[in-house]
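Enquirer: Going down the list, the protein sequences come from chains A and B. Just so you know, the working numbering puts 2 at position 2 of the first sequence, and the rest follows in order with no gaps. Just so you know, the working numbering puts 111 at position 111 of the second sequence, and the rest follows in order with no gaps.
Do not take every clue at face value.
[As the list claims (entries may be wrong)] Derived pair list, reagent style DSS-like, types lysine-lysine, alpha-carbon separation capped at 25 Å:
#	chain 1	residue 1	chain 2	residue 2
1	B	K449	A	K9
2	B	K474	A	K29
3	B	K205	B	K193
4	A	K7	B	K449
5	A	K7	B	K261
6	B	K424	A	K29
7	A	K29	B	K449
8	B	K261	A	K9
9	B	K466	A	K29
10	B	K424	B	K51
[Said to hold, decoys possible] Pulled a few chain B residues facing chain A out of the computed Cβ check, cut under 7 Å:
#	residue
11	M268
12	D272
13	N276
14	V354
15	T456
16	A485
17	W488
18	L489
Quick caveat, the hints were computed from the structure, so don't treat them as lab data. Because the structure is a prediction, the values reported are computed rather than measured. No residue lacks a Cβ here, since even glycine has one placed at the ideal position from N, Cα and C.
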Amino acid sequence: MTQRISKTKRFIMMNPVIQFFKYIYLSIKILVVVAGGHGGTRNKV
Amino acid sequence: MQIIFHQTDANHFSMKCNAIILQLNNQPMAKIVILGAGISGHVAASHLRRKLSKQHEVVVVSPNSNYQWIPSNIWVGIGRMKSEQILFPLEPLYKKKNIGFKQAKAVSFHPEGDKEVTKPYVMVEYVKGEDKNNFEKVTYDFLINATGPKLAFDMTEGLEPGKNKAYSVCTYGHAEHAWHGLKELIEEVKKGKKAKILIGTGHAKSTCQGAAFEYILNVEQELRRHDVRELVEVTWIANEYQLGDFGMDGMLLSYGSNIMKSNEMIEMIFEDRGINWIIGAGVNKIEDGVAHYETLDGEYKTETYDFAMLIPAFSGHGFKAYDKEDNDITEKLFKGFMIVDADYTPRPYEEWTVQDWPETYQNPSYKNIFAPGIAFAPPHAISKPRVSKNGTAISPAPPRTGMPSGITAKLVAENIVDIINGKKTLNHKGSMGNMGAACIASAGFGMTKGSGVSITTYPIVPDYVKYPDTQGRKLGKTFGEIGLAGHWLKLTLHYAFIYKAKMKPFWWLIPE
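Model the full assembly from the supplied sequences, consistent with the hints where possible.
Expert: What follows is the structure, encoded as structure tokens:
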């Protein structure tokens, strides 16, 4: 096991208060990607 | 009403739509048959039922009596959720919503009917109830093939869920079985036994690395929770050339204020969790506690284990198709999976483009047949194909699970509704080269101790022309995050999508 995530970073990752705001932020960000639409890639002839 | 299409020229499509509309105008009802009730089939059925008036018939044919929210299987596989929490019976819901349901499996396709039946039909075999083993010709006006993949355990010698200490989490039944195997091992380790766990892909061409990735992180956390982590060696084995390939050629993603490659991110997580990895490995044989595999260097190696969870290869179901005269026309409908509006011209990796990927999931020979989700034949892989020195292809097949399944099913349903309502062109398109996906990978269960790796990718199939400097992806929409919020997100999605699947009030507001 090699520590690749610093203690500060780990604290941020697991702190419920910080993560609550992260949860809101991620929900919105993911919604933007997911609901951002989709379509074709071929040019209309 | 009779709809028979067998012209392949795409220019005739508009004319064919007119034919459909004319015939529908003569008949008050259209019958849409959906094969499969997984994510794709159920999404299509739900949207069709919501958008079509009751005079139109929606029928689902599936051998499974339950709907299961597959992404939560990994939690069943670590004993943190019961199967009942991730599934519900389909028949009562369909009855309530006026959707027909036949618990049967598709056997053969007859898109022109036959000498006795003039309408196109699918031959199905009932798997339960009084009609068990009886066959029926289920006629249709539109057919949605959402049969997903066949879990091809037989493609790897000795790989069978629950046999040779190797398990699967591909279905809730498999996941329950896996939990029993893991639980037994944890009990043995608690008594002092040292053990080895192997998780990853069980075939050189497997896909769905994401599920195995989630499972290995969850198992690792459970071992810590049971205070036995130090006695267990946990190893990842996969057909990926690099960690974090996920069958999507890896990705360059933004992580906080940094830009990092997905292999660097996954390497960081594995090292931090003390997980070993074997990559570029094509597992070809499983014996009791031994996995045999071939590497890209052409070496044949083995890895021992006390518990393994290996994702099998996915294959088509081997369906046959026949024309009106009973001639075999399977090659018009299937290429392993179902042929759709993709460009299947064989080309080298360097010449692949996003334009090769389908947009409407419509069969070019029979325009009233569609195949969203995993059921469509991809034009090629997404990851660069690699071959071992012995000539064995070892690289991931393209993933189409989860979000893409739902999105493509919805657009197929919308196009069918449009045709029924008189529109002449397919206006709803969704190429995986112009579609984003979110992968919320659980990295451990628990409201305060849990964790998740949230990754979004746009587009799923990299567009190296549009985004040449960022490995084919748009950086702002391709990002990764690790932390407790990821677990909460995954849990939210679990409840939200089961709510949606149960078609509760305003279910359609939840995106696919």
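Enquirer: All the hints need checking, so say for each whether the structure fits it.
Expert: Do the hints match the structure? See the list:
no., hint, verdict
1, B:K449 x A:K9, "holds (15 Å)"
2, B:K474 x A:K29, "holds (14 Å)"
3, B:K205 x B:K193, "violated (34 Å)"
4, A:K7 x B:K449, "holds (15 Å)"
5, A:K7 x B:K261, "holds (22 Å)"
6, B:K424 x A:K29, "violated (36 Å)"
7, A:K29 x B:K449, "holds (23 Å)"
8, B:K261 x A:K9, "holds (19 Å)"
9, B:K466 x A:K29, "holds (22 Å)"
10, B:K424 x B:K51, "holds (18 Å)"
11, M268, "holds (5 Å)"
12, D272, "holds (4 Å)"
13, N276, "violated (11 Å)"
14, V354, "holds (5 Å)"
15, T456, "holds (4 Å)"
16, A485, "holds (4 Å)"
17, W488, "holds (5 Å)"
18, L489, "holds (6 Å)"
In this structure, the earlier hints numbered 3, 6, 13 are contradicted, and the remaining ones agree with it.
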